[in-house]
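> Using the hints, position chain B against chain A.
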Amino acid sequence: AQKVTQAQTEISVVEKEDVTLDCVYETRDTTYYLFWYKQPPSGELVFLIRRNSFDEQNEISGRYSWNFQKSTSSFNFTITASQVVDSAVYFCALSNYNQGGKLIFGQGTELSVKP
Amino acid sequence: EAGVAQSPRYKIIEKRQSVAFWCNPISGHATLYWYQQILGQGPKLLIQFQNNGVVDDSQLPKDRFSAERLKGVDSTLKIQPAKLEDSAVYLCASSLERTGLAKNIQYFGAGTRLSVL
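Chains as they are written, first to last, in this note's numbering: chain A, 1 to 115; chain B, 1 to 117.
Pulled out of the complex, with its shape left as it was, chain A reads as follows (with noise of 0.2 Å):
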């Protein structure tokens, strides 16, 4: 089966503070591609990151990092020193290579920074 889970419903912090995002998937499938986006009050998702199931190479921009481990199915989000334009709801996905580009999503998590 191939299944994507954000564990964390909602997360509130404090501006200023670093926060991870959890994102735990499972696929059969050796070749898949895994993103992030967000999406803010108004609606459109944003993308954030892409990554293939070939290069488990911690990637960093900015204020954002992320972190894939396939020993255990996680690719999780960090935001360094959060600030209030980063509430938003966050979406892990994967895409299976044999499912042509069918995205599966997580159930998202709310971030919410309070000032």
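Just so you know, the hints here were simulated from the structure itself, not pulled from any lab data.
Some clues are possibly wrong.
Unchecked claim - Okay, the calculated bits of chain B under chain A, using three or more residues with CB under 8 Å as the criterion:
1. 37-43
2. 48-61
3. 88-97
4. 103-112
As the list claims (entries may be wrong) - Straight-line distance between alpha carbons at most 27 Å, and here's what the computed DSSO-like set of lysine-lysine pairs gives:
5. B:Lys11 x A:Lys3
6. B:Lys103 x B:Lys44
7. A:Lys70 x B:Lys103
8. B:Lys44 x A:Lys3
9. A:Lys70 x B:Lys44
10. A:Lys38 x B:Lys103
11. B:Lys11 x A:Lys38
12. B:Lys44 x B:Lys78
13. B:Lys62 x A:Lys38
14. B:Lys103 x A:Lys3
Each residue gets a CB set at the ideal place from its N, CA and C atoms; glycine is no exception.
Positioned in the frame of chain A, the structure of chain B alone reads:
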């Protein structure tokens, strides 16, 4: 570059009525997707087009939902007749490539929020 355009943004109808949503993908994008997002959940794929052909409609409730993408550009999604459980946000997305679809970055519109009373 203009993003994915969707209309209307909001729609309220009564059960058993019909409704249609429109999507204009990013210019040049070959692949178009419709997702349903129920409140508190992640989006779920309803149908995927590559140009004007259907790639995947396995999760589309075909007894009431239909979609088309004439000329491989704009797309419409229709529900007829609507049920209470169809209340959701309907998101349209597009991606550039025609092959290697699994790695494609999908770009989303702002969605249409449907309320069925």
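> Now tell me, hint by hint, if it's right for this structure.
Evaluated hints:
With 4 residues bearing a CB less than 8 Å from a CB of chain A, the region 37-43 of chain B meets the requirement of three and the coverage assertion stands. Under a criterion of three residues with beta carbons nearer than 8 Å to beta carbons of chain A, the stated coverage of the region 48-61 of chain B is upheld, 3 such residues being counted. Counting residues of the region 88-97 of chain B whose CB lies closer than 8 Å to any CB of chain A gives 4, so the stated coverage by that chain holds, three being the minimum. With 9 residues bearing a CB less than 8 Å from a CB of chain A, the region 103-112 of chain B meets the requirement of three and the coverage assertion stands.
The suggested pairing of Lys11 of chain B with Lys3 of chain A is violated, with an alpha-carbon distance near 31 Å, which exceeds 27 Å. Restraint check for Lys103 of chain B and Lys44 of chain B: satisfied, since their Cα atoms lie roughly 18 Å apart, inside the 27 Å limit. Restraint check for Lys70 of chain A and Lys103 of chain B: satisfied, since their Cα atoms lie roughly 18 Å apart, inside the 27 Å limit. With a CA separation close to 12 Å, the supplied pair Lys44 of chain B and Lys3 of chain A stays within the 27 Å bound.
Only pairs whose Cα atoms come within 27 Å are accepted, and Lys70 of chain A paired with Lys44 of chain B is accepted, the gap being roughly 24 Å. With a C-alpha separation of about 18 Å, the suggested pairing of Lys38 of chain A with Lys103 of chain B holds against the 27 Å cut-off. Restraint check for Lys11 of chain B and Lys38 of chain A: satisfied, since their Cα atoms lie roughly 24 Å apart, inside the 27 Å limit. For the hint pairing Lys44 of chain B with Lys78 of chain B, the CA-to-CA distance comes to about 16 Å; that is within 27 Å, so the pair holds.
For the given pair, Lys62 of chain B sits about 30 Å from Lys38 of chain A by alpha-carbon distance, which is inconsistent with the 27 Å threshold. Of the supplied pair hints, the one linking Lys103 of chain B and Lys3 of chain A holds, its CA atoms being roughly 17 Å apart against a limit of 27 Å.
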